Amino acid sequence: MRAHETTHHVQFVPGSEFKRRAAEVVANPFLKKSFRGAMDFLMMKRAAQFPDPELLERQRDLAEHIRRYSLARLPELLEQLEVNLKKNGVQVHWAETPDEANAIILDICRRHDAKLMVKGKSMVSEEVELNHAMEAAGIDALESDMGEYIVQLAGEKPSHIIMPAIHKTKQQIAELFAEKVPGVSYTEDVDALIQIGRDVLRKKFMEAEVGLSGVNFAVAETGTICLVENEGNGRMCTTVPDVHIAITGIEKVVEKLEHVVPLYGLLTRSATGQAITTYFNVITGPRKPGEKDGPKEMHLVLVDNGRTQAFADEQLRQTLQCIRCGACMNHCPVYTRIGGHAYGTTYPGPIGKIVSPHMMGLGATHVLPGASTLCGACGEVCPVKIPIPDLLIRLREEATHEAKPGHAPMFGQGAGKTAFASFAFKGFAFLYSRPALYRLFTWAATRFRFLTPANQAGWTKSRTPLTPAKKSLRDLLAERSKH
Amino acid sequence: MDRHYPAGPRPTDVYFFATCLVDLFCPEAGMDAIQLLEREGIRVHFPADQTCCGQPAYTSGYADQARAVARVQLDLFPNDWPVIVPSGSCGGMIRHHYPKLFADDVALKAKAEALSGRVFELTEFFVKVLKVNWKGSGNSKKVALHTSCSARREMGTHLHARELLAQLGNVELLNHSHESECCGFGGTFAVRQPDISASMAGDKADALKETGAEKFVSADGGCLMNIDGTLEKRRDSFRGEHLASFLWHNTERAGEKE
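Chains as they are written, first to last, in the working numbering: chain A, 1 to 483; chain B, 1 to 258.
Quick caveat, the hints were computed from the structure, so don't treat them as lab data. Treat each hint with caution, since some may be false.
Here are some of the chain A residues that sit facing chain B, going by a computed Cβ distance under 7 Å [stated by the list, open to error]:
#: 1; residue: R21
#: 2; residue: A22
#: 3; residue: A103
#: 4; residue: V334
#: 5; residue: E380
#: 6; residue: F425
#: 7; residue: Y438
#: 8; residue: G458
#: 9; residue: R463
#: 10; residue: L473
#: 11; residue: L477
Here are the simulated distance ranges between beta carbons [as the list claims (entries may be wrong)]:
#: 12; chain 1: B; residue 1: A110; chain 2: A; residue 2: L257; range: 26 to 36 Å
#: 13; chain 1: B; residue 1: A103; chain 2: A; residue 2: I276; range: 38 to 48 Å
#: 14; chain 1: B; residue 1: N139; chain 2: A; residue 2: Y186; range: 51 to 61 Å
#: 15; chain 1: A; residue 1: K426; chain 2: B; residue 2: H178; range: 34 to 44 Å
#: 16; chain 1: B; residue 1: E214; chain 2: A; residue 2: F450; range: 39 to 49 Å
#: 17; chain 1: B; residue 1: K100; chain 2: A; residue 2: H132; range: 21 to 31 Å
#: 18; chain 1: B; residue 1: A103; chain 2: A; residue 2: A403; range: 11 to 21 Å
#: 19; chain 1: A; residue 1: P53; chain 2: B; residue 2: A110; range: 28 to 38 Å
#: 20; chain 1: A; residue 1: K426; chain 2: B; residue 2: R253; range: 41 to 51 Å
#: 21; chain 1: B; residue 1: D49; chain 2: A; residue 2: H65; range: 41 to 51 Å
#: 22; chain 1: B; residue 1: E214; chain 2: A; residue 2: D313; range: 50 to 60 Å
#: 23; chain 1: A; residue 1: V83; chain 2: B; residue 2: D80; range: 54 to 64 Å
#: 24; chain 1: B; residue 1: E113; chain 2: A; residue 2: D313; range: 20 to 30 Å
Only a predicted model underlies this, so the values are computations on that prediction, with no experimental measurement involved. Note that beta-carbon positions come from the ideal geometry of N, C-alpha and C, so glycine has one too.
Work out the full structure: start from the sequences and follow the hints.
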């Protein structure tokens with residue numbers, strides 16, 4: 001049940017490099033300005049969709065309940081989903097690790113002698129690094145979501161879960177297309193750029209033997225998968241090629257179709273500030289006899305990759321409530337300044353900080369939960385009310401301590417423990433739980449304030465040193481009572 | 001954030017929990033807060049054994065150490081009086097996180113919950129419990145306001161501070177861009193991620209200054225130290241002031257008891 005048992009090569013840069021990468025981005029005024037502008041725009045769009053705060057609260061409560069209800073019954077719902085998918089003619093596969101997921105998909109492709117796979121947007125396929133596995137097997141995996149297409153052309157990774165190419169300007173995209181797409185000359189006209197992409201992709205949809213898609217909601221009662229998108233590429237991927245493979249995390253299941261409606265309404269409003277997306281695909285099986293279109297064969301790959309670790313703990317399970325809207329990153333002051341790539345994880349931003357430790361282990365990610373001021377903006381906008389700051393604190397604890405007695409250790413448990421921090425917090429507790437000693441300390445700190453060090457590590461990098469006052473509040477109060 | 005406030009007579013006595021930052025780094029703000037309370041005819045009790053709410057250890061994932069420190073504070077307030085805290089994040093720690101911290105001990109949890117119910121952030125207490133109606137003194141002035149994130153999201157302080165400033169009549173509050181955004185302090189975050197923190201603090205300082213206000217006010221010592229320290233390093237003369245001090249010096253009858 002552990003992602004670390006995989007031999008799969010994770011391409012992401014380790015968490016220890018986080019600080020350096022973040023420093024690079026904040027030092028780049030151009031990047032900083034463009035992220036800020038993009039996030040401001042998305043925040044404004046979302047806010048315009050929720051004019052009534054009380055209504056929003058009721059909607060969030062409902063969405064939270066649906067997600068918690070679904071997770072409480074996760075094992076049964078997954079079984080029900082499998083039974084009903086099979087009834088609908090969908091082949092169901094279970095993958096514990098990224099390697100297993102890739103092997104399953106590769107096997108399907110080989111059986112169909114596939115040379116080309118067109119892909120709709122799928123973060124789980126990014127998570128398992130499907131493109132690399134396909135490439136290694138000599139199969140072209142082509143991204144058809146415009147943002148993903150751009151990122152793939154550039155040889156990069158998505159920097160946002162909803163807007164993969166948000167870090168790129170139209171000038172950069174113009175240069176990229178002129179360089180990489182045969183027969184294209186430089187243009188900064190956005191409509192023209194999109195048309196270039198569409199022309200390339202249109203032919204590929206017809207050529208591809210296999211179409212791959214993600215899943216936004218899997219409905220257990222009906223054996224249905226729902227796919228939310230704006231570009232129509234998702235519909236092409238799931239209907240044109242002979243084989244459709246959908247891939248998703250095991251947490252995406254809900255019981256009934258009616259549970260999808262409130263979640264969908266919050267998803268699109270929170271993500272892009274749209275009341276509804278251009279396309280909403282409800283897929284219940286492959287082409288049936290007598291039908292004129294649709295794939296001849298359909299598969300669903302259900303991926304664990306560390307999710308069962310989160311599921312096993314009542315508090316950490318809340319991580320799995322996520323419907324991947326990305327609002328937490330749009331509103332995060334840290335994400336706004338460093339962008340998605342600095343995190344070194346498939347999922348960046350606040351949600352990435354709480355979900356990645358289960359997928360990649362705390363060894364690779366223990367820095368991330370700490371890279372937050374706990375300002376709470378993420379939790380405030382989360383449509384399914386994940387208490388992200390509380391989960392960050394919990395992961396900070398797991399990253400710096402042994403597992404509690406009776407609890408199974410997390411993947412990478414204690415990886416962020418340092419002798420210095422342990423000592424510092426023991427010292428803190430020793431001093432501040434002894435009032436007499438604390439009084440002696442403040443007495444000394446105010447009298448010997450001239451000894452305050454001028455260099456206070458990270459603090460004085462951009463600030464003047466913290467210096468105790470000449471007299472503490474208790475000194476001032478004692479003086480006053482004498483008069 | 002919706003909180004039920006006790007009806008009935010005004011409290012005659014309150015406890016004052018200064019917080020370790022105010023005690024050591026901005027004691028005059030603590031004094032001014034106490035004087036504002038006293039001016040309302042309230043006896044202010046300062047438990048001598050108070051130290052720190054334990055937040056630095058709690059938010060860093062050192063729950064045992066946070067508990068050890070919090071345990072001492074639990075015993076400081078034996079009477080059923082309100083506990084006034086001149087900082088949103090420390091107030092939020094006691095109100096929202098103490099009950100969780102002592103969840104495994106029935107007796108301590110009950111104690112933490114009882115305490116949680118009577119902890120008030122300073123401006124919240126003035127607006128919601130004392131229902132003060134203050135008038136500004138001196139010349140008219142323009143200020144900007146920064147409220148800490150925990151104050152905003154856990155205690156609703158941004159509304160209380162706004163209401164108090166609006167009462168004064170001669171204070172114009174200038175709104176800054178990205179008002180609800182964090183200043184980048186985050187306790188140990190400022191030291192662990194200095195580059196991100198500096199970027200956030202710098203942007204906040206810019207936004208506050210760009211309003212054209214003569215100063216900014218904040219009800220949180222941590223944010224103040226962060227933003228002021230950033231401005232001072234830049235050799236900028238623009239500065240912040242603790243809201244308690246600003247209110248003490250700019251409301252009518254100020255100085256009566258000096």
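Structure-based check of all given hints:
A least Cβ separation of about 10 Å between R21 of chain A and chain B goes past the 7 Å threshold, and the interface hint is therefore violated. At about 5 Å, the closest approach between the beta carbon of A22 of chain A and any beta carbon in chain B falls short of 7 Å, and the interface hint on this residue holds. With its C-beta approaching chain B no nearer than about 37 Å, A103 of chain A sits outside the 7 Å limit, and its interface hint is violated. Against a cut-off of 7 Å between C-beta atoms, the interface hint on V334 of chain A holds, since the closest Cβ of chain B lies about 6 Å away.
Among the interface hints, the one on E380 of chain A holds; its C-beta lies about 6 Å from the nearest C-beta in chain B, closer than the 7 Å criterion. With a cut of 7 Å, the hint placing F425 of chain A at the interface with chain B holds, because the nearest CB-to-CB distance is about 4 Å. Because the beta carbon of Y438 of chain A sits about 4 Å from the nearest beta carbon in chain B, less than 7 Å, this interface hint is met. Because the beta carbon of G458 of chain A sits about 3 Å from the nearest beta carbon in chain B, less than 7 Å, this interface hint is met.
Below 7 Å, beta-carbon pairs count as interface contacts, and R463 of chain A has one with chain B at about 3 Å; its hint therefore holds. Hint on L473 of chain A holds. Least Cβ distance to chain B is approximately 4 Å, under the 7 Å limit. Because the smallest distance between the Cβ of L477 of chain A and any Cβ of chain B comes to about 6 Å, under 7 Å, the interface hint for this residue holds. Against the hinted window of 26 to 36 Å, the Cβ-Cβ separation of A110 of chain B and L257 of chain A comes to about 45 Å, which falls outside the hint.
For the pair A103 of chain B and I276 of chain A, the supplied restraint of 38 to 48 Å holds, since their beta-carbon distance comes to about 42 Å. Range check, N139 of chain B to Y186 of chain A: about 59 Å between beta-carbon atoms, so the 51 to 61 Å window is met. A beta carbon spacing of about 38 Å between K426 of chain A and H178 of chain B agrees with the range 34 to 44 Å that was offered as a hint. A hinted range of 39 to 49 Å is violated for the C-beta pair E214 of chain B and F450 of chain A, which are about 31 Å apart.
At about 42 Å, the beta-carbon gap between K100 of chain B and H132 of chain A misses the expected band of 21 to 31 Å. A beta carbon spacing of about 18 Å between A103 of chain B and A403 of chain A agrees with the range 11 to 21 Å that was offered as a hint. Here the CB-CB span from P53 of chain A to A110 of chain B is close to 33 Å, well matched to the stated 28 to 38 Å. Take K426 of chain A and R253 of chain B: their Cβ atoms lie about 48 Å apart, and the range 41 to 51 Å holds.
For the hinted restraint 41 to 51 Å between D49 of chain B and H65 of chain A, the CB-CB distance of approximately 44 Å keeps it satisfied. Separation of E214 of chain B from D313 of chain A is about 51 Å and conforms to the stated range, judged on CB atoms against 50 to 60 Å. Restraint check, V83 of chain A to D80 of chain B: a C-beta distance of roughly 59 Å satisfies the suggested window 54 to 64 Å. The hinted range of 20 to 30 Å is satisfied by E113 of chain B and D313 of chain A, whose Cβ atoms lie roughly 24 Å apart.
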